[in-house]
Structure formats: C-alpha cells, structure tokens
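Given the sequences, and given the hints that come with them, work out the whole structure.
Under this note's numbering, the letters of the sequence shown match residues 112 to 245, in that order.
By construction, these hints were calculated from the structure, which means they are not laboratory data. Virtual Cβ for every residue (Gly too), placed ideally from N, Cα, C. Warning: the hint list may mix true and false statements.
Claimed, not checked - Label pairs and their calculated CB-CB ranges:
{"id": "1", "residue 1": "W189", "residue 2": "K167", "range": "28 to 36 Å"}
{"id": "2", "residue 1": "T185", "residue 2": "F217", "range": "24 to 32 Å"}
{"id": "3", "residue 1": "D122", "residue 2": "S159", "range": "16 to 24 Å"}
{"id": "4", "residue 1": "L178", "residue 2": "I134", "range": "24 to 32 Å"}
{"id": "5", "residue 1": "R220", "residue 2": "L162", "range": "34 to 42 Å"}
{"id": "6", "residue 1": "G190", "residue 2": "R128", "range": "16 to 24 Å"}
{"id": "7", "residue 1": "K129", "residue 2": "L171", "range": "18 to 26 Å"}
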Amino acid sequence: MTIRAGTVFKDQGGFTRKVQQVIVNEKYKSRDKYKYDFDLALLKLTESFQLDKYIKTIPLVRSRKDLKATDVVTISGWGKVSETGSTSKILKYNRAKPLSSFTCFFKTRTIRILCLESPINNGVCGVCKRISQL
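See the structure below:
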C-alpha cells in the first residue's frame with residue numbers, strides 16, 4: 112500500500128510513501144452493525160513526508176464537544192461522487208456542518224461518530240448522504 116501527498120491527482124504527481132504498518136483500533140469490528148464505531152486507523156510510513164505549502168498536517172477534533180453547530184469543517188477524498196459512479200481521479204472536497212449529537216445518535220445509534228451535513232447540498236458529500244439515509 113502507498114500513500115500519495117502533495118497533489119490533487121489520485122494517480123500522479125506529488126510524492127508517495129510506502130505504508131509499513133496499518134494500526135487498526137482494537138475495538139473496530141467491520142462486520143458489526145455499528146460499523147462506523149472506532150473506524151479510524153493509523154498508517155505508519157516507511158519514510159515521513161517533508162512538509163511544505165502542499166503537504167501539511169491537519170488538526171483532529173479531540174471531542175465532539177469541541178465542535179459547535181455553527182462550525183464548518185472541510186472533508187476531502189477520492190471517493191465516489193455519485194451512488195453508481197466510479198471514484199474520482201481528482202481530489203474532491205466539501206465543507207460541512209456537524210449535526211447535533213442527538214440527531215447523529217438517532218441516525219447511527221452510536222455516540223462515537225461525528226455526523227456531518229452538507230450546507231450547500233451539492234452532491235459531493237457522499238458521507239453526508241449516507242448518514243442522512245441511515
């Protein structure tokens with residue numbers, strides 16, 4: 112497995128690093144009906160990336176309490192941009208707002224997930240759509 116950074120293109124440009132180890136949260140169970148619980152893994156690389164204007168670290172939220180309903184977060188990825196389409200070759204992003212803890216729990220039946228909704232509903236936020244359909 113390799114990681115690419117410093118480009119918006121999925122298959123070219125930027126820099127790549129090999130993944131030495133995938134560290135999955137010991138509480139994660141992919142076959143569990145609450146499959147979104149603990150679904151965060153760490154990737155240990157064989158070599159670090161040099162930080163520059165295109166490669167930066169990102170802050171992670173420590174607690175759901177750190178986010179207000181008025182906050183806007185940026186999500187990104189090369190995933191599908193429609194239910195039946197293929198994955199994107201260019202990095203897509205969207206800005207989204209957090210759903211309330213109550214609404215998120217009602218839709219997912221877990222307190223260990225951050226639910227987002229797209230404020231502009233432009234169809235790019237696949238995760239937002241999936242959560243809203245739960």
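How the hints compare with the structure:
no.	hint	verdict
1	W189 - K167: 28 to 36 Å	violated (18 Å)
2	T185 - F217: 24 to 32 Å	holds (25 Å)
3	D122 - S159: 16 to 24 Å	holds (22 Å)
4	L178 - I134: 24 to 32 Å	holds (25 Å)
5	R220 - L162: 34 to 42 Å	holds (39 Å)
6	G190 - R128: 16 to 24 Å	holds (21 Å)
7	K129 - L171: 18 to 26 Å	holds (23 Å)
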